[in-house]
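Visitor: Knowing the structure of chain A, use the given hints to seat chain P with the ligands on it.
Below are the chains, spelled out letter by letter.
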Amino acid sequence: MAETVTINRHNYQITDAIMERQLLDWLREDLDLTGTKNGCNIGVCGACTILVDGAPRRACKLLLKDVTGKDVITIEGLTPADGSLHPVQQAFVDAGAIQCGFCTPGMVLTAYALLKKCPQPTPADIRQAIKGNLCRCTGYQQIIDAVMLAADRMTKQKR
Amino acid sequence: MKYAWRNDAFAKVTGRARYADDIKMPGLCHAVPVYADAVHARLLRIDPEAAGKSPGVLGVFTAADIPGTVKFGQIIRDCPTLAGDKIRCHGDVIALVVAETRAQAMVAGDLVKCEIEDLPALTDPEQALAPDAILIHAELGTNLVNEHSVRRGDVSAGETASEYIIAAEVTTSRIEHSYLEPEAAVALVRPDGVVEIHGSMQHPFSTRRFVASTLGLPLAQVEVTGTPMGGGFGGKDDTAALVCARAALCAWLLKRPVKITYTREWSMRESYKRHPYRMRYRMGLDAEGRIRFVYVDMLADGGAYCSVSPWVTWRSTVQCCGAYEVPNVHCDVRAVYTNNVFCGAMRGFGSPQVNFAIEQLIEIAGQKAGLDEITIRRRNMLQQDSVTVTGQQLSGHTVSLRQVMDRVLAEIDYVNKRQNCSFGDPEAEEWYGIGFAISYRGMSLGAEGTDFNSAIISIQPDGSVILETGIHENGQGSESAMILLAAEHLGIDKNRIVYRRSSTSTIPDGGTTVASRGTLMGGGAVVDACHIIQDKIGAIIRRKLAVDPAHLLFREGFIYDEASARRLCSFNEAIGWCYQMQEYPYAFGVFKAPQVSWDEHTGQGNAYFTWVYGCQAVELKVVPKTGQVVLLNMVAAHDIGNAVNPAMLSGQFYGGMAMGTGYALFEEFRHQDGKGISSNFHNYRIPRATDLPPMTAIIVENPDPLSPSGAKGIGEPTNELMAPAIANALYRATGKRYLKQPIQPDRRGAFPQRPKENLSTPELGDGSLPESDSTDRIKED
Ligand code: FES
Ligand code: FES
Numbered sequence: 003m004a005e006t007v008t009i010n011r012h013n014y015q016i017t018d019a020i021m022e023r024q025l026l027d028w029l030r031e032d033l034d035l036t037g038t039k040n041g042c043n044i045g046v047c048g049a050c051t052i053l054v055d056g057a058p059r060r061a062c063k064l065l066l067k068d069v070t071g072k073d074v075i076t077i078e079g080l081t082p083a084d085g086s087l088h089p090v091q092q093a094f095v096d097a098g099a100i101q102c103g104f105c106t107p108g109m110v111l112t113a114y115a116l117l118k119k120c121p122q123p124t125p126a127d128i129r130q131a132i133k134g135n136l137c138r139c140t141g142y143q144q145i146i147d148a149v150m151l152a153a154d155r156m157t158k159q160k161r
Numbered sequence: 004m005k006y007a008w009r010n011d012a013f014a015k016v017t018g019r020a021r022y023a024d025d026i027k028m029p030g031l032c033h034a035v036p037v038y039a040d041a042v043h044a045r046l047l048r049i050d051p052e053a054a055g056k057s058p059g060v061l062g063v064f065t066a067a068d069i070p071g072t073v074k075f076g077q078i079i080r081d082c083p084t085l086a087g088d089k090i091r092c093h094g095d096v097i098a099l100v101v102a103e104t105r106a107q108a109m110v111a112g113d114l115v116k117c118e119i120e121d122l123p124a125l126t127d128p129e130q131a132l133a134p135d136a137i138l139i140h141a142e143l144g145t146n147l148v149n150e151h152s153v154r155r156g157d158v159s160a161g162e163t164a165s166e167y168i169i170a171a172e173v174t175t176s177r178i179e180h181s182y183l184e185p186e187a188a189v190a191l192v193r194p195d196g197v198v199e200i201h202g203s204m205q206h207p208f209s210t211r212r213f214v215a216s217t218l219g220l221p222l223a224q225v226e227v228t229g230t231p232m233g234g235g236f237g238g239k240d241d242t243a244a245l246v247c248a249r250a251a252l253c254a255w256l257l258k259r260p261v262k263i264t265y266t267r268e269w270s271m272r273e274s275y276k277r278h279p280y281r282m283r284y285r286m287g288l289d290a291e292g293r294i295r296f297v298y299v300d301m302l303a304d305g306g307a308y309c310s311v312s313p314w315v316t317w318r319s320t321v322q323c324c325g326a327y328e329v330p331n332v333h334c335d336v337r338a339v340y341t342n343n344v345f346c347g348a349m350r351g352f353g354s355p356q357v358n359f360a361i362e363q364l365i366e367i368a369g370q371k372a373g374l375d376e377i378t379i380r381r382r383n384m385l386q387q388d389s390v391t392v393t394g395q396q397l398s399g400h401t402v403s404l405r406q407v408m409d410r411v412l413a414e415i416d417y418v419n420k421r422q423n424c425s426f427g428d429p430e431a432e433e434w435y436g437i438g439f440a441i442s443y444r445g446m447s448l449g450a451e452g453t454d455f456n457s458a459i460i461s462i463q464p465d466g467s468v469i470l471e472t473g474i475h476e477n478g479q480g481s482e483s484a485m486i487l488l489a490a491e492h493l494g495i496d497k498n499r500i501v502y503r504r505s506s507t508s509t510i511p512d513g514g515t516t517v518a519s520r521g522t523l524m525g526g527g528a529v530v531d532a533c534h535i536i537q538d539k540i541g542a543i544i545r546r547k548l549a550v551d552p553a554h555l556l557f558r559e560g561f562i563y564d565e566a567s568a569r570r571l572c573s574f575n576e577a578i579g580w581c582y583q584m585q586e587y588p589y590a591f592g593v594f595k596a597p598q599v600s601w602d603e604h605t606g607q608g609n610a611y612f613t614w615v616y617g618c619q620a621v622e623l624k625v626v627p628k629t630g631q632v633v634l635l636n637m638v639a640a641h642d643i644g645n646a647v648n649p650a651m652l653s654g655q656f657y658g659g660m661a662m663g664t665g666y667a668l669f670e671e672f673r674h675q676d677g678k679g680i681s682s683n684f685h686n687y688r689i690p691r692a693t694d695l696p697p698m699t700a701i702i703v704e705n706p707d708p709l710s711p712s713g714a715k716g717i718g719e720p721t722n723e724l725m726a727p728a729i730a731n732a733l734y735r736a737t738g739k740r741y742l743k744q745p746i747q748p749d750r751r752g753a754f755p756q757r758p759k760e761n762l763s764t765p766e767l768g769d770g771s772l773p774e775s776d777s778t779d780r781i782k783e784d
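Those protein sequences? They're chains A and P, same order as listed.
Note that my numbering has the first sequence beginning at 3, numbered continuously upward.
Note that my numbering has the second sequence beginning at 4, numbered continuously upward.
Please keep in mind that the hints were generated in silico from the structure rather than gathered at the bench.
These numbers were taken from a predicted model, which means no experiment stands behind them.
By construction, the Cβ of each residue, glycine as well, lies at the ideal position given by its N, Cα and C atoms.
All the pointers check out, no bait thrown in.
Pair ranges (Cβ atoms, derived): (1) P:Asp-416 to A:Thr-124: 20 to 26 angstroms; (2) P:Arg-504 to A:Glu-22: 35 to 41 angstroms; (3) P:Asp-416 to A:Glu-22: 57 to 63 angstroms; (4) P:Pro-697 to A:Lys-158: 20 to 26 angstroms; (5) A:Glu-22 to P:Gln-747: 38 to 44 angstroms; (6) P:Glu-576 to A:Arg-161: 44 to 50 angstroms; (7) A:His-12 to P:Lys-5: 38 to 44 angstroms; (8) P:Asp-68 to A:Glu-22: 32 to 38 angstroms.
Derived pair list, reagent style EDC-like, types lysine to aspartate or glutamate, alpha-carbon separation capped at 20 angstroms: (9) P:Lys-743 to P:Asp-127; (10) P:Lys-27 to A:Asp-32; (11) P:Lys-27 to A:Asp-34; (12) A:Lys-63 to P:Glu-268; (13) P:Lys-628 to P:Glu-432; (14) P:Lys-27 to A:Asp-27; (15) P:Lys-5 to A:Asp-154; (16) P:Lys-116 to P:Glu-52; (17) P:Lys-539 to P:Glu-565.
Bound-form chain P, shown alone:
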């Protein structure tokens, strides 16, 4: 067994790692948020008096105390740091109470009174665009956050060419990231006037923008440093940045260090969620089972604020047909404002929803055409040089969809086990099912935004190395991956490299650590910095030794002439010479993502510069009496390009599969009329150890020529296809399709038994959509 390694393991396993709430300092005071029990209301008056007189209270602050801009947002500036005249969702914070102790602040928080005038609330996204809908943000004149579309080929021609057409409505739920550590931040104003923030957030630079905007300060006067983060999964951007901005506001006004630590209840109430989608699909196949067209209309509930809805929904359009070639596509997606808790980034970012739909529809359609689930996929899947639905040719990297799918099917012994599926057999004590799903995923930000990153390598006179990058450690092990890459390229032991957790003042803005771009973008910058160092060292060696090797080889602490394999010097000697000869062994490396292109009008373009391919499969059984699902086994394969840190990589697989399981089977942020019912882990269930089966991770490596390290990303691909794999397995266990997530299988007797299917001799299904979706038709009928 090769042991895992990560640079922060010792600190974490001994409990020494200091997370944001663990920070203590002299004079630290504590702030808490105050909410109004309203979903949509005019905020007429806040009465801070009683709270202000409560023991230990140092201040009660409202929107009126904000010196800078009240509202901020990454795309649309619609989100108030503190609600001013209007409350738009149940998570809106109307005031902050600061006291000497947290307990005092809590007591006083309950004493803040406010006068509100309730307004009718809009909580059904389907109603958001009705002509008479109330407006969430009157100044915008509409509840439409954004719309995107893809137009490719001619859908009506595709329809004419189709033998089999299916239609279905698929819905997904709002889910909570459930990072184990709730939001927390410490802010202080330094003697030099700089506002310093230490917080649990996954994007220090976006946090800096929130803080600077709230306080009306230039960016350079705010320094944000990340702390070890107890999980993020995309969820510690806007809300976490707001918590930091509020701590900064209190610190600024009181000139004392202030800590805000969220309770789980506040975190669940206020933090943004994964967008629930309603998707209406129509798909047509020709007589050979080739997809001729896909027509899809999607509606995403964005909740009260925009956050990154336009980017999330954009990915849904680009990936709306899953990993298949489709010549004719008509796709529209809209995100709308409602008075629900807002939605934003979450691991997967607009793909788990569409994959849940498309990976079931492909099987339903295949069944109509008389093709089993393997054949229909093979017939339509993207291959080398295929053209995607946005007109991008998949070349320049290995399109390994077939490879990952075959690996998974072989590992789980799919074809043999498929014969044991129950399809709701009324005689059976237990229903067995097996299923899988495939996906492709555009890497990094794509046409969402500018995409570049940097790394600094500074080698000390004794040969030890300080490394930092613009990528943030979210717990995934990015620091360790960066160290391993630098160690490999400099040919030195990893233990000689110290990762410096960068602050916004020490390294340029490298964009947010999202979109599985950490290893790809940060790693690219590290490799560039290593090349710069190698060139500098090379020049010094040539001068010092008067040799002229064409290429140097850096290995195991020594430097060689690559051609003759002659050892020239040790790494430390070379560094010593650098300092003697006035050359700093220091480098600022940059990786700029290759150009992408996008035409917003047609929804066509080279959306992402590279893609990853994945397949996940699951075996399960259902207890017919109770509808209980027992997972037996899960297997995943993803093409990661180059596995920098295999143990951490496998951890991403398992974590993503587990999260996808929760999404499939039980996760749903429940709310009533815009007020959250789910408030903590007793009424929002995430997978426990006993909910999960043994998992197998298969790492496929086709190094990516466009990635300097060869590596791509993995965080999100692993979390975008377990839910449809489970849905497909449940179909083969129960004989019923579940197009609404989360899935609670019906108990025996609740639905008619379906005929048993075989892989080799599949039967023509009569369409397996529920009654309400019976718009499907077979043309020849």
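Here chain A stands alone, though its shape is the one from the complex:
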């Protein structure tokens, strides 16, 4: 019996045959959603971070059966339909938070989830939130700047 998973607002049928597939591999290979990266494949680096029902999760540690009936957002699903950037993405661009970019999709989603929960975080809150996302290029400084900038802009937008 097939079950359903929602990926970036599209529904997919998950047959029994693929229930045991790794979510990361399936996203990248079958759906060509290659924005979700594989940096370690053991759940340590955070490059594969996606949102499952709004919470950051590691796609390399999940099987398809773990997400049936759930709502999954990958980096490709964060961008509004008009092709503009989500404020968190725009802040990453503006703050210079992107170098090689390999950690970026996971970082952005982690930051997005943080700001949902905690719209005005301190730098220390941000460090805690992203500590599971490794970045070898930036020293995290401009990533933290980016999240602060996004928080600022998003709060102003709401007002």
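Guide: Chain P with the ligands only, in chain A's frame:
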């Protein structure tokens, strides 16, 4: 706030950027490497049969299938694309299994059996040159990869002139680059017979040489294109090129496109590392605290293959005395073969090791002479027109060492905060320390090799611009820097310039994007190309408008007569006239590095044509109960010449400081008898956001007359001095010197408390070296 800009930001932040493993194409099959569980062994037989019968398998290939040359190397051709008769380290690949899917290839990879005869392994570099040492490469007749030396002045005269002499042994660890993206490559054979490579590698031209050699093809028959790269830091040269060569081999043999994507475990097992060093230093100061001599002997573990060990260790000799004037120097460095994982280029390239030593020794020596850490540096540091240890006079650019140091000390409020240092105070709940380090660094390749680069600017009839250079985007933002330079010199909006990621078939070999030479060399070529375009446009304007301005000014899309400030035409008009008058607005620009010189015998010469100067400082605290280090604040200043893209530049500062922090405190590729224990990020720790403090980047700009863009490099300078700065701060927190990196501070009680020092009234230390290094002496005793 001025917002950052880079040309690839949108693609990366939306997840659309296609890295090597993201590439898909019809008929793509997948290869995986096969290793033998040996460190040093004779490889007697490989049995591919069971693997060959496994579902989906298309081929199992070994060294015997290589049509070209099995071994390759940038300096010594000692590194096999696939191991043939011998295994020399745990990372050697003995076979490749190709299958329709990656999962099938993985399953089959485990089925490849081999017969080996273990040989005794050499894993201690100190034993490598013993007369009875086993030879890693018998045909070379020695385990010595290379040696370099510097001889300047007379060390024994320097010793006689010294009042205070210290000696110390300093060691550094083998570390892993830890680029977030493991190696990956896609290879295919085109209908025209050209082998096309798309891979995550930082040097397409070196990759092309590896591939052409492996397949026995002329260079022109291999086309290598870089993909967006998930980090390199010097680490995606040899190993990444080998991965490309293996993908190419499989594609060549099967006539199908082949992808190889490394797992983190394979990457850590096989990829080269930063060289661990053992350094024995002796340093003498006269009564005034001036350095009279430095004697140093260094040993670098090169591992199983040469890679670029001769170049890495060369830089260590040139910079062996740090940023100080030393009249008498005797320096020897040797790199040796062992059966350990091999070592090669890594951001810093032979300088992080020597800086870790010298930037602590200068303080230890200063303390003996009764001088605090600021005074001893000021007394000895290189200044305008100083002569370096290799006899090079530092002129023709601004020697800004004093300037960068003063900026950092002021920013971090060093002198005031210095008074709060704990020096292991037994009463204290927490130990506070502050420290800094300074460095100078030779830019680009120096006497390592020929150094030139090119850029192509092609302006389209509508005034939009295509730009390419021989510099490779490693993630650092080099493409953006090139675009900004071209926009500035052509006086047009940056958004009209499209950077074309060049392939080895579209632009000449510009050397590898290493040595922080991207902006300097590529930027130099871009500026040259802009000048050529300006001259062409100038000639057209003179003909068209019958005017003869002495100088043209290109600004904001218009062209002016500089003297009268009269607007002559728009940039687009001028381009239109070019096409009308049969003049292509196209230019091939070149930048050739100014001449350097080197005498290998004496180790004397003008090693680099220009230098950068830097200082980094850190505040930290140590929890005495646990030895835990908490970083509080970091500040860096570097003289970059000209800041082309300030936000990206600051990013280089922060990234380098973070990497230097990992080096100081916890990074070490652990291995046992040549077999890696560190295998992934759970047992190889790199800094996390919570390990790091807020950082401040101070950009100092003294434009360099020898650089057409005025800019120098920044990637490496930022990563060569945070470790000694942290070591110095830890000394002032704990009262103990740590000469072995990575540093794990002792807990309270593990060592005696040291007297508290003051900046203004420093006490004469009794030498702060650990017991084992107690060869130091004070002559007057
Ligand atoms: S790839 Fe999933 S956490 Fe690293
Ligand atoms: S930008 Fe390269 S790993 Fe974060």
